[in-house]
Amino acid sequence: QSALTQPASVSGSPGQSITISCTGTSSDIGGYNYVSWYQQHPGKAPKLMIYEVSNRPSGVSNRFSGSKSGNTASLTISGLQAEDEADYYCSSYTSSSTRYVFGAGTEVTVL
Amino acid sequence: EVRLVESGGGLVQPGGSLRLSCAASGFTFSSVSMNWIRQAPGKGLEWVSYITPSSSTYYAESVKGRFTISRDNAKNSLNLQMNSLEAEDTAVYYCAKEGPSADSDHWGQGTLVTVSS
Chain P
50 QSALTQPASV
60 SGSPGQSITI
70 SCTGTSSDIG
80 GYNYVSWYQQ
90 HPGKAPKLMI
100 YEVSNRPSGV
110 SNRFSGSKSG
120 NTASLTISGL
130 QAEDEADYYC
140 SSYTSSSTRY
150 VFGAGTEVTV
160 L
Chain H
127 EVRLVESGGG
137 LVQPGGSLRL
147 SCAASGFTFS
157 SVSMNWIRQA
167 PGKGLEWVSY
177 ITPSSSTYYA
187 ESVKGRFTIS
197 RDNAKNSLNL
207 QMNSLEAEDT
217 AVYYCAKEGP
227 SADSDHWGQG
237 TLVTVSS
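Which chain is which? The protein sequence lines are P and H, in order. Each residue of the first sequence is one higher than the one before, counting from 50 in the working numbering. Each residue of the second sequence is one higher than the one before, counting from 127 in the working numbering.
The calculated lysine-lysine pairs, modelled on BS3-like cross-linking and capped at a C-alpha distance of 30 Å, are:
#1 K96(P) / K201(H)
#2 K190(H) / K93(P)
#3 K169(H) / K117(P)
#4 K190(H) / K96(P)
#5 K96(P) / K169(H)
#6 K190(H) / K201(H)
#7 K93(P) / K201(H)
#8 K93(P) / K169(H)
Over 10 Å on every C-beta distance to chain H, these chain P residues come out as not near it, computed from the model:
#9 T72
#10 S75
#11 N120
#12 E134
Derived by calculation from the structure, the hints in this document are not laboratory data. From a predicted model like this one, the values you see are computed outputs, not experimental measurements. Think of the CB as a built atom: it goes at the ideal place given N, C-alpha and C, for glycine as much as any other residue.
Go ahead and model the full structure; you've got the sequences and the hints to work with.
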């Protein structure tokens with residue numbers, strides 16, 4: 050059982066916006082601004098899309114945005130494109146001895 | 127360009143051992159913390175272990191006491207010694223460079239570890 054809770058799947062039509070939620074506790078998401086999001090296409094390594102809740106690494110499209118409220122973080126993909134179809138994972142720093150926790154992942158389908 | 131190349135994966139029997147390595151290039155390896163993260167077939171990501179530049183270490187509860195992370199800053203190399211392997215350790219193991227904000231900003235291509243008799 051993953052420490053962070055994500056929906057198993059989210060879908061949308063091209064051009065629409067979708068939001069993926071990621072719920073944790075005050076020991077991880079709620080306690081730190083160290084939430085990151087990763088995109089993973091089948092058979093590929095994950096790619097960092099968002100760090101520190103809402104920052105985009107160089108080269109990541111501004112269609113991807115992140116936010117946080119309390120113990121829940123969110124990733125929004127606007128102007129959905131076929132290439133956005135992938136699995137998305139949230140991660141957070143945690144005060145426990147394990148240091149990091151991941152969500153179980155959300156499969157994004159572009160209809 | 128940052129490059130991370132894992133090696134050492136393969137088929138091992140339950141109870142056996144395996145040593146993974148990750149060759150790093152394109153950045154100042156000795157100044158950066160590193161992670162091992164794994165992904166069981168068809169499953170999600172699971173953080174395994176973390177090491178600071180000065181070799182302070184952290185482990186997931188599921189591998190504590192069985193796995194040992196280490197680094198050789200002179201050789202730009204990250205290692206993961208895995209002992210007492212279990213079927214549940216079967217996964218693709220990724221080496222990942224720690225970014226400035228408790229994230230993994232670059233990942234290797236992964237190496238598959240299969241624990242089976």
